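There are 2 protein chains.
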Amino acid sequence: MEADRIPHHPDVRTITLQRVLEAVVDPVRRSIVTQLCDASGDIACGGFDLPVSKSTATHHFRILREAGLIRQYYAGTSRMNALRRDEIDEVFPGLLDAIVTAERPASDAERATAG
Amino acid sequence: MEADRIPHHPDVRTITLQRVLEAVVDPVRRSIVTQLCDASGDIACGGFDLPVSKSTATHHFRILREAGLIRQYYAGTSRMNALRRDEIDEVFPGLLDAIVTAERPASDAERATAG
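Which chain is which? The protein sequence lines are A and B, in order. Residues in the first sequence are numbered consecutively from 1, following full-length UniProt numbering. Residues in the second sequence are numbered consecutively from 1, following full-length UniProt numbering.
No lab work stands behind these hints: they were computed from the structure. Here the structure is a predicted model, which means the values were calculated and not measured. Be a bit skeptical, because a hint or two may be false.
As the list claims (entries may be wrong) - A few chain A residues facing chain B, derived, Cβ under 10 Å: (1) Gln18; (2) Ile43; (3) Glu103.
Stated by the list, open to error - Label pairs and their computed distance ranges (CB to CB): (4) Asp49/B / Val28/A: 29 to 37 Å; (5) Val28/A / Ser53/B: 52 to 60 Å; (6) Gln18/A / Thr56/B: 16 to 24 Å.
Here a beta-carbon is modelled for each residue, glycine too, at the ideal position from N, C-alpha and C.
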């Protein structure tokens, strides 16, 4: 049944800062969040640029989903990942933006102000 | 010698997002940062409201200092703690604000919007 394939997602009202920080403290998970922020749409599990095996990536997707940061759904046989940006912004204003901005290479900012 | 009592502090340009997140992922350390944000001045090590022993608190202060989040100095025999707010804001805009805002009890926001 289709419903069985859709994993559990926490309600936005139960998302805690502790779980969100435990999720983004890992550099691979932070990279997933940053790639979703920078993408024009949702990304299939196999579509990320990650330095880990597929099974390790699956573990990181699960942590992010359980922390409330991403929503997963199926498109055919692909498991897709969407950032729950609006919901996170509502409960933790500015947090995702600050982390994604900080995550971008410092050289970007240095180039922008050099001169 | 006085200089020997002043512990090492990292240069703001060497502070990494990874170290900052590893520091604030701990709820006791997040509480120290929040209390410093909410205070009108610096706070002595013994002046925080923390649910841990003095030696455990000392460990947390060290992690925060090494991550670049706080500056420690002596006032007589008291070791004082100052949040390096301006420096952190410069390298990671919005991050401290977002974390401290998220850390405050949800009931504050609920009361504000209730009725």
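Discussion item. So, against the hints stated earlier in the document, which numbers end up violated here?
Written reply: The structure breaks hints 2 and 5; every other hint is satisfied.
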